[in-house]
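Peer 1: Top line first, the protein sequences correspond to chains R and S.
If you're matching positions, the first sequence starts at 3 in the numbering used here and goes up one per residue.
If you're matching positions, the second sequence starts at 390 in the numbering used here and goes up one per residue.
The set of hints was computed from the structure by calculation and includes no laboratory data.
No experiment lies behind these values; they were computed from the predicted model shown.
We put the beta carbon where it would ideally sit given N, CA and C, even for glycine.
Check the hints yourself; a few may be wrong.
[Said to hold, decoys possible] From the derived model, a few chain R residues whose C-beta atoms are all more than 12 Å from chain S: (1) 35; (2) 59; (3) 61; (4) 88; (5) 128; (6) 148; (7) 179.
[To be verified] Straight-line distance between alpha carbons at most 27 Å, and here's what the computed DSS-like set of lysine-lysine pairs gives: (8) 941(S) / 16(R); (9) 652(S) / 136(R); (10) 16(R) / 111(R).
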Amino acid sequence: MSIIKKLFGALTQKPWEENQVAIDSTHSGRTFNLSNQMSAVIIIFGVSTAIFSLIFTGYLYSLPPEQDTTFILKTSLVWINTVILIFVTFFFNKISSDLKKNYTNKIKKNLIYVGGLSYLFLFLQLILWYQLMKSGHFVDTNTYFSSFYIFTALHGIHLLGGLFFWGKVSSRIFKLDEKEYCEEEKNINALALYWFFLFIVWVVFFAIVFIYNDAVIAWCKSLIA
Amino acid sequence: MSDEYDNNKTYQAQSSETMGGSAPASPDMDYVRPAEIPDQELYHGHSFITKWVFCQDAKVIGVQYFLTAVFTGVVGLILSWLMRLQLGFPGAAGFMTAEHYYQFVTMHGMIMVVYFLTALFLGGFGNYLIPLMVGARDMVFPYVNMISFWMFFIAVAVLMASFFVPGGPTGAGWTLYPPQTILPGTPGAGMGILLMLVSLSLFVIGFTMGGLNYLITILQARTRGMTLMRMPLTVWGIFTATVLAMLAFPALLVSAIMMTLDKILGTSFFMPTIIQAGEVLDYGGGSPILFQHLFWFFGHPEVYIVALPAFGIVSDLISVHSRKNIFGYRMMVWAIVGIGALSFFVWAHHMYVSGMNPWFGFFFATTTLIIAVPTAMKVYNWILTLWRGNIRLNTVMLWCLGFIVTFVNGGITGIFLGNVSVDVPLSDTYFVIAHFHMVMGIAPLMVIMGAVYHWFPLVSGKFLDEKLGKWHFWFTFLGAYSIYFPMHYLGFIGVPRRYFEMYDSPYMTSAVGMNEFISMAAFIVGAAQFILIYNIIKTLKVGKKAGHNPWKANSLEWLTSTVPPEHGNFGERLPVVHRWPYDFSVPGAKEDYITQTTPPSEVVHTEVEKT
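Please model the entire structure based on the sequences and the hints provided.
Peer 2: In structure tokens, the structure reads:
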């Protein structure tokens, strides 16, 4: 709400009026009280949300009628990976809040957990792909599986991008004294938000596959009929 | 909590209630604390490579974008000559087959829309002007900005490579509609289409890096006193177009990735069951219409990604060269934002003939016509800015006037095509070609030319030759109308677009002479663009020196410590902004312009607020 007010509220100003001139001259030049890193992550959110939304739209648009829509959810690795993502998000938020409170003793350990679990997530995704292919469900089997592969690939690429910056921040943290960790606070907060976003995307994917199942599709068709 | 305003300061900037409604006219009213935004650490290149090739200065990156885009534009121009040669004088180019023609049509369209116009407005003008106009030293992430250009460069190289692979570039039409795009029988269905898709993906990734910089620099790195509503309309245009691009380009990226997978891995995102030469292909279950939706979800905002920066730039040029404040500044900002928002709700007007539900067509026709309202507002405001202005009829102003006329022309034919019942018979005819070339080809090109003549003194420190500029304008303006006016008629008599040859059809014989005339005009207009290149070379060698602020403009880009601006833009201290950039011809002022950095104490007896 505040963002909308800030952006669109400004549009009603009359910059040529005497009173507004006086007020405007104290303007700091910043629109939001956010670091540049955090602003970048929020903009990447916007772009990535558009990408994933369009993939979901494609999935819903061309779902094969004979396909069991909950097939993916029956594989245990999908559930395990969801739990891993929850843990990663939790640890990143912990790092972020610890930095705010100046509790620096567990930051290195938690950063290692984040990286380790994220790589484990990617490894298990590959295992999941292998299992699917072994059971004869390839990327070209039908649009249901094509959508799953493309979604998980793009999600994984996003995670790899995040891991690149995680590596940069971690290497700097490991070179610093505990008292100097706050220098990296902006980067860590931005990364924590990024990981949270990747978790949300995963949950939305999960929800769509879960909710848009055969029974719901049949119900929708009955409504139209 | 925002730190937008500094409420703890003792400066005059209390609210109007505490000031009794008027600003005190004492010297201390000028005091404003220096830059609030912490000064930026810049990487200064020391060798030729780091200064001019892998450079992190947004101005150099802007020029790099500009030159690369102009190179692609020249390629697009040559392709259009070849197309017109075939259409006007069939068989005159002996080497040209139908396949070549389709390839030229496709590459011309994609190059001009994406690699020329988009890159030039956002990459070229965006990089050069944003930091200067908002009072920043550079973009907020200069390294990422540099990578953005090189991604664009690689995207162009990959696209151009498709001319040299077996089978040549794709000939599927610039809209790349599946299923025919990737099936044998379409020119360039092998490597050609793959390189096109890879190039588009690289372009989008590169642009996202640049767009990230434009948005954060505009929102978060302006200098003290530069509120959003004190920004020049050029910045508003580029800002809104960038927001559009960040939301619309993902659709292009997703469709490019999906089509690449359809081509190389055999997925069927866009491929239905197909029987080819009696044989059932492995594809099945996909939807070509899904691609059309994705493509136009990108494609229509793309029109405004090109148009909005042009709207912003032309507003500033008209204001400066008619010595008047822009009429209805707030309306202009609202119109830019409104057009940007509406542009996401009109995409299916490109798909009226795809067999859509009539109610769907009704919805999109309505939204399409609604978008004409803010657009018309802008046209009125440009005209009202000119009204009783002290107009300098120089080359820049000629291009601006040419733009207004051309844009109105193309806009009106857009209202025709926005209506389903009119669009269906005109669909895929030369009327459509005439419409979109007028509205998003020639009109933005006129703004580009005006902007080049306007800002060249800033980039080089020298004026472009006015006489050559006027010749350039009149050849282009009259020539463009000679090309596209007759095309409307061709559309009415039913001449279809994308046909290699059509003269066996007896009902189209009247088009023959007209096609010859159009082709001759196209050759002349194309050649006339080399007047600008000659003018630039001549000016760089022996041009008249421009000095500081030669147009007597108000915005910050003209108030740099050196001309051309050095890396870091503003010397030791960032400028402090005291007013909007449109205080021209203010009653009581000594000069007919008051720059954005002029403090209130220097203009105490003026009637600034009444302008």
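Peer 1: If a hint holds in the structure, say so; if it does not, say that too.
Peer 2: So, going through the hints one by one against the coordinates:
1. With a cut of 12 Å on Cβ distances, residue 35(R) falls inside the contact zone with chain S, its closest approach being about 5 Å.
2. Here residue 59(R) does not stay apart from chain S, with its beta-carbon only about 8 Å from theirs, under the 12 Å limit.
3. Interface exclusion of residue 61(R) from chain S breaks down, the closest Cβ pair being 10 Å apart, not more than 12 Å.
4. With a least CB separation of 27 Å from chain S, residue 88(R) remains clear of the 12 Å interface cut-off, as annotated.
5. Even its closest Cβ contact with chain S, about 17 Å, leaves residue 128(R) beyond 12 Å, as expected for a residue assigned away from the interface.
6. The Cβ of residue 148(R) does not lie farther than 12 Å from every Cβ of chain S; its closest approach is about 4 Å, which violates its non-interface assignment.
7. With a cut of 12 Å on Cβ distances, residue 179(R) stays outside the contact zone with chain S, its closest approach being about 23 Å.
8. This hinted pair checks out: residue 941(S) and residue 16(R) have alpha carbons roughly 24 Å apart, not beyond 27 Å.
9. Taking the CA atoms of residue 652(S) and residue 136(R), the gap is near 23 Å; set against the 27 Å cutoff, the hint holds.
10. The hinted pair formed by residue 16(R) and residue 111(R) fails the criterion: a straight-line CA distance of about 53 Å is larger than 27 Å.
Hints 1, 2, 3, 6 and 10 from the earlier list are contradicted by this structure; the remaining hints agree with it.
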